[in-house]
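Visitor: Residue numbers (my numbering), protein chains in the order written: chain A, 8 to 313; chain E, 8 to 313.
Think of the hints as simulated: they come from the structure by calculation, not from any bench.
Just so it is clear, the structure is predicted and the values come from calculations on it, not from any experiment.
Mixed in with the good hints, there may be bad ones.
[Said to hold, decoys possible] Example chain A residues on the side facing chain E (calculated, C-beta under 8 Å, incomplete):
#1 Ile28
#2 Ile199
#3 Gly213
#4 Leu242
#5 Pro244
#6 His245
#7 Ala251
Even for Gly, the Cβ is constructed at its ideal location relative to N, Cα and C.
2 protein chains.
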Amino acid sequence: MNEIKIFAPATIANLNCGFDILGCCIDGIGDEMIFRKSTEKGIRITKITDADLPYETSKNVAGVAALAIYETQNVNFGIEIEIHKKIKAGSGIGSSSASAAGAVFGVNELLGKPFSKKELVAFAMKGEVIASGSEHADNVAPCLLGNFTLIRGYNPLDIIEIKSPDDLFAVVLHPHIEVKTADARAVLSKEIPLKDAITQTGNLGGFIAGLYTNDYYLMGRSLQDVIVEPKRKHLIPHFDKVKAAALEHDALGCGISGAGPSIFALCKSKSTAEIVAENMKNAYENSGISFDTYVSKINPDGCKLI
Amino acid sequence: MNEIKIFAPATIANLNCGFDILGCCIDGIGDEMIFRKSTEKGIRITKITDADLPYETSKNVAGVAALAIYETQNVNFGIEIEIHKKIKAGSGIGSSSASAAGAVFGVNELLGKPFSKKELVAFAMKGEVIASGSEHADNVAPCLLGNFTLIRGYNPLDIIEIKSPDDLFAVVLHPHIEVKTADARAVLSKEIPLKDAITQTGNLGGFIAGLYTNDYYLMGRSLQDVIVEPKRKHLIPHFDKVKAAALEHDALGCGISGAGPSIFALCKSKSTAEIVAENMKNAYENSGISFDTYVSKINPDGCKLI
Chain A
8 MNEIKIFAPA TIANLNCGFD ILGCCIDGIG DEMIFRKSTE KGIRITKITD ADLPYETSKN
68 VAGVAALAIY ETQNVNFGIE IEIHKKIKAG SGIGSSSASA AGAVFGVNEL LGKPFSKKEL
128 VAFAMKGEVI ASGSEHADNV APCLLGNFTL IRGYNPLDII EIKSPDDLFA VVLHPHIEVK
188 TADARAVLSK EIPLKDAITQ TGNLGGFIAG LYTNDYYLMG RSLQDVIVEP KRKHLIPHFD
248 KVKAAALEHD ALGCGISGAG PSIFALCKSK STAEIVAENM KNAYENSGIS FDTYVSKINP
308 DGCKLI
Chain E
8 MNEIKIFAPA TIANLNCGFD ILGCCIDGIG DEMIFRKSTE KGIRITKITD ADLPYETSKN
68 VAGVAALAIY ETQNVNFGIE IEIHKKIKAG SGIGSSSASA AGAVFGVNEL LGKPFSKKEL
128 VAFAMKGEVI ASGSEHADNV APCLLGNFTL IRGYNPLDII EIKSPDDLFA VVLHPHIEVK
188 TADARAVLSK EIPLKDAITQ TGNLGGFIAG LYTNDYYLMG RSLQDVIVEP KRKHLIPHFD
248 KVKAAALEHD ALGCGISGAG PSIFALCKSK STAEIVAENM KNAYENSGIS FDTYVSKINP
308 DGCKLI
C-alpha cells in the first residue's frame, strides 16, 4: 500500500451539556486527504486545496500531528500528504481537528497500523495545539472514532466511546462569520456558580443515560447549557431565533457547535431533521449573512479509507 | 390491609462525582416503620423508638411527607405511624430521607397505591424540607427506588433510575461525630473554577457510562471529587487515612457519603468489600472515635414491605 485516500469527518463538540468533554461525529461534510509513501524520510505536505494553510510541516496542524506519530516508528520511507479542505476553518465543526485526526489516521495506515484508533487520539491532540494553543480531544476523538465520545479525563487520557442511537440525526447551520477562538474564550468566566455546575452535571448525566437507553427525549431534555451558551450566543447573530425555529419543529435540542459560529440541532429521524433544517434556514434567510446547512446521521465510523 | 410494616433503607448520596444529583441505595441498615389505619382521619405518629424526634406531625419529617401524600386522596380513615429508627440522625447515610421516603411509601400502600414509586419522590421531598430546609431528592429517590438514581433536574423533577452492576458492593464507615449540615454547607464556595466543573462533569459522565456498561474500573476511575471533598474532608477526622486504606485494598473509589461524616467505598465483589471494610476499620481503630461499619450489596429494591 503506497497511496491511500481518507475521509476525515466534521464533528460537533460540547453539545450544550458537555463543555470540553463531549462530542459527536457527523457525515456528509469532511476533509479528504491523500497519503503517499516517498523515498525521502519525513513528513511533507505537498498539496493543499480550498484553504490558505502553511505547507511547512511544523506549522501545519496536519503536519505536526502526522509527525508525532511518524516519529514513533523507525521506517525507511517518508510520507507526502495532500489536504483537500472541505470544512471551513473557524466554522465550529472541527476543521482543525479533522486535519489532525485525518493526518494521524492516514499516517497510521501507511505505517502498517501500529496504533488503534483510540491510541491515535493522543497524537492528533498534538496537532490541535497548533490550532488552539492547547491539547484537547473533544473534536479529534469523535472525528477518529465516530459516534459520541466522552473525555472522562486527561490525566491520563480516558476516552469513552458511546454508540449513537440509530435514528439520531444532526442539523448544522454554519453562518459565514468569524468567531475568533480568543473571543469565544474571553467571554467565559473562570469561575461559575456551584449551582450552575450542578445543573450542567445533571444534564450531562441525563444525556449519557439517554444515549445508553436510546431515550431520545431524555437526550433532548438534557441538551441544556446554563454555563457557556448564555455567554457565547451573543457572538452569533440571530442565535436565539434559529434555536427557537429548531425547537418549534421538534428538534430534541439545539445549541452552539464547538466555539461557534455553527449552530447544531439533534433530531429523532431524518424527516424531522430535514424539516428542522428548513426552518433553521428560513430563520436565517433575512439575516444578511450567508450560510450553509447540513443534515447528517450521526456518523458511526469516524475517519475512514475512501 | 389495615396494618403494614416496611423497611426504608439507608442511602449514599453524592458519590464523589455527583454532588446533589447522584445517589444509591444500600441494604442491611434501614428504618422500620409500621402503618395502621385508624378511624380518626389524619396522620398521627404514635411511637418512635431509638431517636429523639417530635411526635407532632407537622414537625416530623415522616409526618410532613406522609401528610403530603395523604391529603391528595379523599379517604374516610386516618393513618397511625410507628417509627423504629435504625439509621442515626446526622450520619450522612440518608437518615431523614429514610423517614420521608418510608412514610410516603407506607401511606401509599394503605391508600391503595395511587402513585408509582417514582411519583412518590416529590412527596418525600416535602419531608426533606423539615430536615434540611430545602427540597432535594438525591437521597429520597434511591431510598424509594433502589439501585442508583440520577436527578437530571428539578424543574420539572426528572429522575433517572440506573440498575447497579450485580457485583457492586458498598462499605460505609460511620464515625460517631456530628457534622452539622450548616457547617458542611458553609465550607463550600458558591463559585467554583470552570475547569473543576469540567473535570467533575467528565467524571460524572464516566460513572454513568460505567454503570450502563458494567465497567467497574471506569466507575472507579470516575469516583473523584475535585469540588466538595477537598473542602469538607477536614470536618471528618482521619478521612485521608481511611480513604488511603480503602484504595490500598482495591476499593474502586472512596469518598464522603452525603454531607458526612460517614465515609463510603465502592468495591467489586463482596469479598473485596469485606477486606476493604476490615482495613478501613483498622485505619480508624486508634482515632478515639467510636464508629460502625456496614458492608452491603447495592440494594435493587428500595423501600419495601416486610
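Visitor: Please name the hints from earlier in the document that this structure breaks, with their numbers sorted from lowest to highest.
Guide: 4, 5, 6, 7
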